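Visitor: With the hints as your guide, set chain B onto chain A.
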Amino acid sequence: MLILTRKINEKVIINEDIIVSIIEIRGDMVKVGIEAPRSVKVFRSEVYEAIQNENRMAAESELQLPQIELGS
Amino acid sequence: MTSILTKGMGEIDIDERQLITFTSGLIGFDKFTRFALLDAPQKPYFFLQSADLAELNFILLDPFLFRPDYEVDIPDDLAALIGMKKPDDALILAIVTVPPGGGPITANLMGPLVICRSSRQGTQLVQADPRWQIKHDVMAELAASRKQ
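Protein chains in written order, with the working numbering: chain A, 1 to 72; chain B, 1001 to 1148.
Isolated chain A, as found in the complex:
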C-alpha cells in the first residue's frame, strides 16, 4: 500500500490513465475527483460492499421459489 500526502488541487496519477484530484477539504470531509476510462469501475466502498453482501445472501437463497403469476 502506498501512503502519501497531497495538498488541495494536487493530483495522483495511477496507471497513466486514472487521475485522482483533491478538490476540496472541509472539516473531516474530502472531495475527490476521479477521472478514469469508463471501463474502470469506480464506486464508493460502501456501495461495493452492499452489493457484495447482497450477492452473498442471494447465493444462500432458498430454492423453493414463490409462484409469480404471469399476466396475460
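Derived from the structure by calculation, the hints contain no laboratory data.
Computed from a prediction, not measured in an experiment: that's the story for all the values here.
All C-beta atoms in this analysis are idealised placements derived from N, C-alpha and C, irrespective of residue type, glycine included.
Treat the hints loosely; a few may be bogus.
[Unchecked claim] Lysine-lysine pairs mimicking DSBU-like chemistry, simulated, CA-CA at most 35 angstroms apart:
#	chain 1	residue 1	chain 2	residue 2
1	B	K1031	B	K1043
2	B	K1086	A	K41
3	A	K11	B	K1043
4	B	K1135	B	K1031
5	A	K7	A	K41
6	B	K1031	A	K41
7	B	K1031	A	K31
8	A	K41	A	K31
9	B	K1031	B	K1086
10	A	K11	A	K41
11	B	K1031	A	K11
12	B	K1086	B	K1043
13	A	K31	A	K11
14	B	K1031	B	K1007
15	B	K1043	B	K1147
16	B	K1147	B	K1031
17	A	K31	B	K1135
18	A	K7	B	K1135
19	B	K1086	B	K1135
20	B	K1007	A	K41
21	A	K41	B	K1085
[Claimed, not checked] Anything over 12 angstroms on all C-beta distances counts as not near chain A; from chain B, calculated:
#	residue
22	K1007
23	L1019
24	T1033
25	A1051
26	P1087
[Said to hold, decoys possible] So, partial list: chain B residues that the calculated Cβ filter (under 7 angstroms) puts toward chain A:
#	residue
27	L1026
28	P1075
29	L1078
30	V1098
31	I1105
32	G1111
33	V1114
Guide: Relative to the frame of chain A, chain B by itself:
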C-alpha cells in the same frame, strides 16, 4: 453437450451455448467466472449456476416483469468489454434473494447482470441512479405495476 453439477437439479446436461463467462466474476465472487444460464424448474425464474462449484447458484428474474419502468445504463466501454455491439444483444437480469427463514423475495436492481447474447459474456453493473436499490420487494412491485 457437457454436463455440470447443480445446486438445485443434480447433474444435468447443458448445451455449450448456455455457458456464460463473467470475466471478472460477480461482485464478491471474482474467482468464479464460468456459469450456466438455466431455466429454473419454476417459471419465470432462471438459475445462474456456477459451472465449477455446484453449491454456487444464483436465482434470476427479468426485472422488467415487475418494473416495466426499469432502466439500465451500460457504459460504452463496458459494452465493448463484453463484446456487445447493439442494445438488443443485451440480456438484463436481476439477482433475486429468497430469504431462508421466509420473508419477501427481493431483487437487486442496483447491481443487475448484463449478458451479451452473441458473445455469451457477462458482467455485474453498479448503477448510480437512486431509484434502483439493492432490495426491491418483487411481489409488491409486481402488484403495484399491475394497478397502473
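Visitor: Run every hint past the structure and note whether it holds.
Guide: To see whether the hints hold, each was checked on the structure:
Our distance criterion of 35 angstroms between C-alpha atoms is met by B:K1031 and B:K1043, whose separation comes to about 29 angstroms. Distance restraint check for B:K1086 and A:K41: the Cα-Cα separation of roughly 21 angstroms lies within the 35 angstroms cut-off, and the hinted pair is therefore satisfied. Distance hint between A:K11 and B:K1043 is unfulfilled; the C-alpha atoms sit about 52 angstroms from each other, more than 35 angstroms. For a cut-off of 35 angstroms, the pair hint linking B:K1135 to B:K1031 stands: about 25 angstroms separates their Cα positions.
A distance of roughly 25 angstroms separates the Cα atoms of A:K7 and A:K41; the hinted pair therefore holds under the 35 angstroms criterion. For a cut-off of 35 angstroms, the pair hint linking B:K1031 to A:K41 stands: about 17 angstroms separates their Cα positions. Only pairs whose Cα atoms come within 35 angstroms are accepted, and B:K1031 paired with A:K31 is accepted, the gap being roughly 33 angstroms. In summary, the hint linking A:K41 to A:K31 is supported, as the alpha carbons are separated by about 19 angstroms, within the 35 angstroms threshold.
Proposed proximity of B:K1031 and B:K1086 is supported: the alpha carbons are some 28 angstroms apart, at most 35 angstroms. Under the criterion of a C-alpha separation no larger than 35 angstroms, the hint pairing A:K11 with A:K41 is consistent with the structure, at around 19 angstroms. As the CA atoms of B:K1031 and A:K11 are separated by approximately 33 angstroms, the hinted pair is consistent with the 35 angstroms bound. Taken as a hint, the B:K1086 and B:K1043 pair is honoured in the structure, with Cα atoms around 28 angstroms apart against an allowance of 35 angstroms.
Among the hinted pairs, A:K31 with A:K11 is consistent with the structure: their alpha-carbon atoms are about 12 angstroms apart, no more than 35 angstroms. Our distance criterion of 35 angstroms between C-alpha atoms is met by B:K1031 and B:K1007, whose separation comes to about 18 angstroms. Among the hinted pairs, B:K1043 with B:K1147 is consistent with the structure: their alpha-carbon atoms are about 22 angstroms apart, no more than 35 angstroms. Of the supplied pair hints, the one linking B:K1147 and B:K1031 is violated, its CA atoms being roughly 42 angstroms apart against a limit of 35 angstroms.
Taken as a hint, the A:K31 and B:K1135 pair is honoured in the structure, with Cα atoms around 29 angstroms apart against an allowance of 35 angstroms. The straight-line distance between the Cα atoms of A:K7 and B:K1135 is roughly 40 angstroms, outside the 35 angstroms bound, and the hint therefore fails. A threshold of 35 angstroms between alpha carbons decides the hint, and for B:K1086 with B:K1135 the separation of about 29 angstroms falls inside it, so the pair holds. The straight-line distance between the Cα atoms of B:K1007 and A:K41 is roughly 31 angstroms, inside the 35 angstroms bound, and the hint therefore holds.
For the hint linking A:K41 to B:K1085, the alpha-carbon distance of about 20 angstroms falls within 35 angstroms, and the restraint holds. With a minimum CB-CB distance of about 7 angstroms to chain A, B:K1007 fails to clear the 12 angstroms threshold, and the non-interface call is violated. Distance check on B:L1019: its Cβ is at least 19 angstroms (rounded) from any Cβ of chain A, clearing the 12 angstroms threshold; non-interface status holds. At roughly 14 angstroms from the closest C-beta of chain A, the C-beta of B:T1033 stays outside 12 angstroms, upholding its exclusion from the interface.
Listed as outside the interface, B:A1051 is consistent with that label: its C-beta sits roughly 15 angstroms from the nearest C-beta of chain A, beyond the 12 angstroms cut-off. Non-interface status of B:P1087 relative to chain A is upheld: no Cβ of that chain comes within 12 angstroms, the nearest being about 16 angstroms off. A cut of 7 angstroms between beta carbons decides the hint on B:L1026: the least distance to chain A is about 6 angstroms, and the hint holds. For B:P1075, the interface hint holds, since its Cβ comes within 7 angstroms of a Cβ in chain A; the closest pair sits about 4 angstroms apart.
Annotation: B:L1078 was flagged as interfacial toward chain A, and the flag holds, the nearest CB pair being 6 angstroms apart, inside 7 angstroms. At a threshold of 7 angstroms, the smallest CB-CB gap from B:V1098 to chain A is about 4 angstroms, leaving the interface hint in force. Of the supplied interface hints, the one on B:I1105 holds, with its beta-carbon coming within about 6 angstroms of a beta-carbon of chain A, less than 7 angstroms. The restraint placing B:G1111 at the interface with chain A holds, with a minimum CB-CB distance near 4 angstroms, inside the 7 angstroms limit.
Interface hint status for B:V1114: violated, as the beta-carbon distance to the closest one in chain A is roughly 13 angstroms, over 7 angstroms.
Of the numbered hints given earlier, the model fails hints 3, 16, 18, 22, 33; all others are met.
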